[in-house]
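Peer 1: Modelling step: build the complete structure from the supplied sequences, incorporating the hints.
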Amino acid sequence: MSPNLTFDAWQRAGSQLAGVLDSSSWWLGDWLVYGKDHYADRYQMGIRTAGLKYQTLRNYAWVSRRFQMQRRRATLTFQHHAEVASLPFDKQEKWLDEAERNGWTTKQLRNAIKAVDHVDSLGAARSVPAKQLALPGSRIEWWRQAAEHSGVDFDKWVLVTLDSAAGQILEHDEEIAALSA
315 MSPNLTFDAW QRAGSQLAGV LDSSSWWLGD WLVYGKDHYA DRYQMGIRTA
365 GLKYQTLRNY AWVSRRFQMQ RRRATLTFQH HAEVASLPFD KQEKWLDEAE
415 RNGWTTKQLR NAIKAVDHVD SLGAARSVPA KQLALPGSRI EWWRQAAEHS
465 GVDFDKWVLV TLDSAAGQIL EHDEEIAALS A
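Residue numbers (my numbering): 315 to 495.
Calculated from the structure, these hints are not laboratory results.
Straight-line C-alpha distance at most 27 Å; calculated BS3-like pairs for lysine-lysine:
#  : residue 1 : residue 2
1  : Lys-470   : Lys-428
2  : Lys-421   : Lys-367
3  : Lys-367   : Lys-350
4  : Lys-408   : Lys-470
5  : Lys-405   : Lys-421
6  : Lys-428   : Lys-408
7  : Lys-408   : Lys-421
8  : Lys-470   : Lys-405
9  : Lys-405   : Lys-428
10 : Lys-470   : Lys-421
Peer 2: Below is the structure:
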């Protein structure tokens, strides 16, 4: 690196390197898929020659197979796609749409999916009455529109959104300390 590198240039370089790193996961996955499809009897030798861990490559290939090129979201990372790869097609699309719309990190996407799964597993029978909050009706209507737009039941949407907000806050204790200082 040049000793005269400006902060902006250094920051740009980091962003570009991160893009290359993310793209390489797709490239390696596609490479393995191609090798397995075209050289089934010899692709293991290619993997050994490349010096890469087979399990990691298999994970890349599995995600690559689940997301053909036209379904890959340029605005989301390979890891976003990996988070939803095990879900049915319609759920993959729904969660990737949500991640794009909300600008979620991979961790936020994972937490949102877990929160909905958790709510689904609890069921209505295990719900506990909670303290009621006085909220402006316009806010509730706005939230209902957001839930409907997301294709999620309103109660689940509220829980997922609050869980996501709580996760963000609890993950950034130092930021909270700075805000309250």
